[in-house]
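I would like the entire structure built from these sequences, with the hints used as guidance.
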Amino acid sequence: MQRRTARMLTAGAMALTAALTLSACGSGFSSSGGNGSGGGAAKLTSSDDPLTVLIGSSGDAETAAVKSAAAAWSKSSGTGATVQPANNLDQQLAQGFAAGKPADVFYVSTSSLAGYAANGSLLAYGDQLEDTSDFYPTLTKSFTVDDQLYCAPKDFSTLALFINTKDWKAAGLTDSDVPTTWDQLRTVSEKLTRDGRVGLTTSPQIERLGAFMTQAGGALTNGAQTKATVDSAANVEALDYVKGLLDDGSMKFSSDLGESWGGDAFGKDKAAMTIEGNWLTGAMSSSYPSVDYKVVALPKGPKGAGTLQFTNCWGIAKDSPNQKAALSFVEKMTSTDQQLAFAKAFGVMPSVESAAGTWKQEYPQYAAFLDQADAAQGLPNASGTADVIADFDSKLGSLRTTDTKTLLEGVQKNMAAALKG
Amino acid sequence: MSRKNRAEAVSGWLFTAPTIIVLGLFLAVPVVMAAWVSVSDWRGVGSPFSSDVSFVGGQNYAKILGGGGLDEQNFGTALRNNLWYVVFVVPLQTAVALGLALLVSGRALRGRGFFRTAFYFPSVTSSVAITVLWLFLFSSTGAVNKIISWAGINGPNWFNEPTGLFHLGAGTPPAFLADHTMLGISWWEWLAGPSVAMTAFILLAVFTTSGTFMLLFIAALQNLSPEVDEAAMIDGAGSWTRFWRVTLPQLRPTLFTVLTLGLIGTWQVFDQIYTGTKGAPANTTLTPAFLSYTSAFQSQQWGVGAAIAFILFGIIVVFTLLQRWALRDRPVSRRRMRWIEKGSTR
Numbered sequence: 260m261q262r263r264t265a266r267m268l269t270a271g272a273m274a275l276t277a278a279l280t281l282s283a284c285g286s287g288f289s290s291s292g293g294n295g296s297g298g299g300a301a302k303l304t305s306s307d308d309p310l311t312v313l314i315g316s317s318g319d320a321e322t323a324a325v326k327s328a329a330a331a332w333s334k335s336s337g338t339g340a341t342v343q344p345a346n347n348l349d350q351q352l353a354q355g356f357a358a359g360k361p362a363d364v365f366y367v368s369t370s371s372l373a374g375y376a377a378n379g380s381l382l383a384y385g386d387q388l389e390d391t392s393d394f395y396p397t398l399t400k401s402f403t404v405d406d407q408l409y410c411a412p413k414d415f416s417t418l419a420l421f422i423n424t425k426d427w428k429a430a431g432l433t434d435s436d437v438p439t440t441w442d443q444l445r446t447v448s449e450k451l452t453r454d455g456r457v458g459l460t461t462s463p464q465i466e467r468l469g470a471f472m473t474q475a476g477g478a479l480t481n482g483a484q485t486k487a488t489v490d491s492a493a494n495v496e497a498l499d500y501v502k503g504l505l506d507d508g509s510m511k512f513s514s515d516l517g518e519s520w521g522g523d524a525f526g527k528d529k530a531a532m533t534i535e536g537n538w539l540t541g542a543m544s545s546s547y548p549s550v551d552y553k554v555v556a557l558p559k560g561p562k563g564a565g566t567l568q569f570t571n572c573w574g575i576a577k578d579s580p581n582q583k584a585a586l587s588f589v590e591k592m593t594s595t596d597q598q599l600a601f602a603k604a605f606g607v608m609p610s611v612e613s614a615a616g617t618w619k620q621e622y623p624q625y626a627a628f629l630d631q632a633d634a635a636q637g638l639p640n641a642s643g644t645a646d647v648i649a650d651f652d653s654k655l656g657s658l659r660t661t662d663t664k665t666l667l668e669g670v671q672k673n674m675a676a677a678l679k680g
Numbered sequence: 009m010s011r012k013n014r015a016e017a018v019s020g021w022l023f024t025a026p027t028i029i030v031l032g033l034f035l036a037v038p039v040v041m042a043a044w045v046s047v048s049d050w051r052g053v054g055s056p057f058s059s060d061v062s063f064v065g066g067q068n069y070a071k072i073l074g075g076g077g078l079d080e081q082n083f084g085t086a087l088r089n090n091l092w093y094v095v096f097v098v099p100l101q102t103a104v105a106l107g108l109a110l111l112v113s114g115r116a117l118r119g120r121g122f123f124r125t126a127f128y129f130p131s132v133t134s135s136v137a138i139t140v141l142w143l144f145l146f147s148s149t150g151a152v153n154k155i156i157s158w159a160g161i162n163g164p165n166w167f168n169e170p171t172g173l174f175h176l177g178a179g180t181p182p183a184f185l186a187d188h189t190m191l192g193i194s195w196w197e198w199l200a201g202p203s204v205a206m207t208a209f210i211l212l213a214v215f216t217t218s219g220t221f222m223l224l225f226i227a228a229l230q231n232l233s234p235e236v237d238e239a240a241m242i243d244g245a246g247s248w249t250r251f252w253r254v255t256l257p258q259l260r261p262t263l264f265t266v267l268t269l270g271l272i273g274t275w276q277v278f279d280q281i282y283t284g285t286k287g288a289p290a291n292t293t294l295t296p297a298f299l300s301y302t303s304a305f306q307s308q309q310w311g312v313g314a315a316i317a318f319i320l321f322g323i324i325v326v327f328t329l330l331q332r333w334a335l336r337d338r339p340v341s342r343r344r345m346r347w348i349e350k351g352s353t354r
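Residue numbers (the numbering used here), protein chains in the order written: chain A, 260 to 680; chain B, 9 to 354.
Rather than coming from a laboratory, the hints here were simulated on the basis of the structure. Every residue, glycine too, gets a C-beta built ideally from N, C-alpha and C. None of the hints are false.
Now the stretches of chain B that chain A is said to cover, found in silico as 3 or more residues with beta-carbon under 8 angstroms:
no., region
1, 144 to 157
2, 163 to 170
3, 297 to 310
The calculated lysine to aspartate or glutamate pairs, modelled on EDC-like cross-linking and capped at a C-alpha distance of 16 angstroms, are:
no., chain 1, residue 1, chain 2, residue 2
4, B, 286, A, 652
5, B, 286, A, 650
6, A, 400, A, 612
Put into C-alpha cells, the structure is as follows:
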C-alpha cells in the first residue's frame, strides 16, 4: 500500500515537472513573438542576424536566380542572406511559425495569405514600401486583407490559349482563324479534333475554367468579397458553354486524357490547344522542346475579354528579428531591373508596370500574357475561400454529368458560409 | 520500507528513467498537446500553451460533426471513403495473407524460400515507391488497362474515376436515399462504395500488406503441433474440414493480431493518398488522416485538424474493441455440446 502511494507520488511529481517545463517553453515561445505586433505602423525590428529566405521554387533555374540575387543584395547591404528552396512550403512555414522561429522572408500564395494574415504570422509591410503605385492594382488587391497590403507581389502569370502550330496547319487553319469569340473557339476546336486528339483541354479546375466565367462577366464573389455570386447567370452560362464543348467531344479534361494537367496533354499532343499560364512555356522548353506552339489571348466571351491571374508575394514574418533588412531585401527583389532578370531566368512576368515595355520587347512571342493583364481577375482570397475553391475543383471533374445550376448552387452555399464567418 | 528496498526502488527508477523520459517527451507530451489544440483556438503561431490561446470547448468537434458546413461535408466524405476502404482491405488482406501462408508452408512445395521472399517483398519496399508504380500501372493507358483490353474490355481511367463501385450502372437515386443526409452527405453517397480510384488503392494495400501478415501466419502455423492435425486425419476429417475445424480455430490469437493491425493501419492510411491523388477525384480518396493534415497545414485550422485526429483515434479504439468482442473465446454452446455428447455415447 505504502509502496503504491510512493509510486503515485512520483508519477504526480513527474507530471507536474513536465507541465512546468512545458509552460516554461510556452512563455519562451510567445515572448519572442511579442515584439513587432500591432500592425503595419509599428517600428520594424532590426538586428545583425543574417536573413533566411524560404522559397517555393518552380525549379533549379528559379532557385539559382534567387540565390544569386540574394548574394548580390548581401554584398551591397552587408547583411547575410541564405536562400532555401522548400520541399513543402506550407508545412515548413507552419513549423517555423509554431516554433516562433520562422524564415524571415518567404513566398506566400494568394490562397494561403488570408490564413497567415488572420493568425498574425505576417508583417503587413505594404505601407512601408517606398512605392506601391507601380504594381498592377489587381495584384496588390490580391494581397490586401482588411484594407491592409500585406506583402509585395513577386511576379504574376495570366492564362492564355496555347496552340500547337503543326496540328493547326494540319486542320487547314490559318492565322486568321485564331479564335476571338466563344463561337470561333468552338469551331476551331471541332476542326482540330481529329487523328485521335481533341481540340481543347484543361485540367478540371476553377483555376482554368474560371477564365470563361470572367469572359461571361461572372465571378465567384463580388468585388469586395463580401457576397458570394457563384450561382450567377453569367457563371451558369460559362459552365454551360464548357459543358457544350465537352459534349461535342472537341474538349476533354486533362484527367480524362490520362494526364495530370493541361500542359502534359498539350505537350504529348493529346490535345491541339490548352488554356494555361506562363509556367507552361518553361515546361514546354524543358519537357517538350520539339513541339512548336504559339500563345494567343483567350477568346472574348459575351461580356468581353477576361482571364485569370496567379501571383505570389514576398511575405515577411512578424516574428522576424530583422524586419528592416527583410524589407530592404524585398524592395530589391521587386525592383524593375531585378524582376526583368528573374523574367529572363525563369519566364515570369514582372509585377510592376514599368517593366512591361521591356518585357514585351524581349518576349514578343509571349506578349499575349501581358496584353491580358487589364482583363485579368484573381480568385477570391478571403479567409475560408481556399477550402471552398478546393471543394469546387473536386466537383468539376464530373461537370459533364452534373447539372450546372445545381453544382453552382452547392458551391454558392459554401462560399456564402465562408464569407460570413 | 527497508533501506535495501528503497535503494532497489531508486535504482529501478533510475534504470527506467531514459525510457520514461523519451516516451514522455515524444509520446505523452505531444498527445496532451494535440488534445489541448483540439479544444482550443490555436492558430499555428507560437506555443499552444501560451497565454493568448484560449479554450473553446467542443467548438472544433462541433464544426466537423455538425454545423452543415464544408468541414462537416469533407469529414463525412473522408469517413465514408475510409470506411469502405477498411471494409474491403481488412478481410481481403487477411484472407490473402492466410492463403499465401498456407501455400508456402506446405511441406511439398519446392523453392519455399523463394516464394516467401517474393511475397514478402512488397512489404519492405517503400510505400511511396509502390504508390508511384501504381500510378503508372493504373494510368488510363497503363499496363493494367492494356491487360484488361485483351479481354475486350475498355478499362476505366482508374485514378480519375470518382464513381463508386456500387453506383456503376446505377440510375438516379431513390428519393428517400437522396434526401436524408448524415455528416453532410446523403445516404445515397454513403452507399456508393469505394470509388474506382479508391479501388486501386485497395488493391495496392492488399498487395503491400499481405506479405507482412503472411509472415505472422507462417510463424503461427509452424507453432501448431502436427499431432492434432494427424488425430483429426485419423478421425476421417478431409483437408477442408481440418482447415476450418482444426487449423483455423487454433490460429485465433494470430487472426486477432492480424485483424487489429489491419484495422489500425487501414484507418490511418495517409502516405499513399499524399503521394498519389491528394484526395482527388471528387474527394473520393480523401481520408480522415489526410484531411487532418490539410486542415491543419493548408487551411490553418489546427483545432479542426487535431479534432479529426482524435475522432479517428476513437474510431480505431471502438473498432478494435468490437472485434475483440467478436473474436472472444466462447464456451461451446449447449446445442453443440449435446451434439458432441450424443456423438461420444453412440
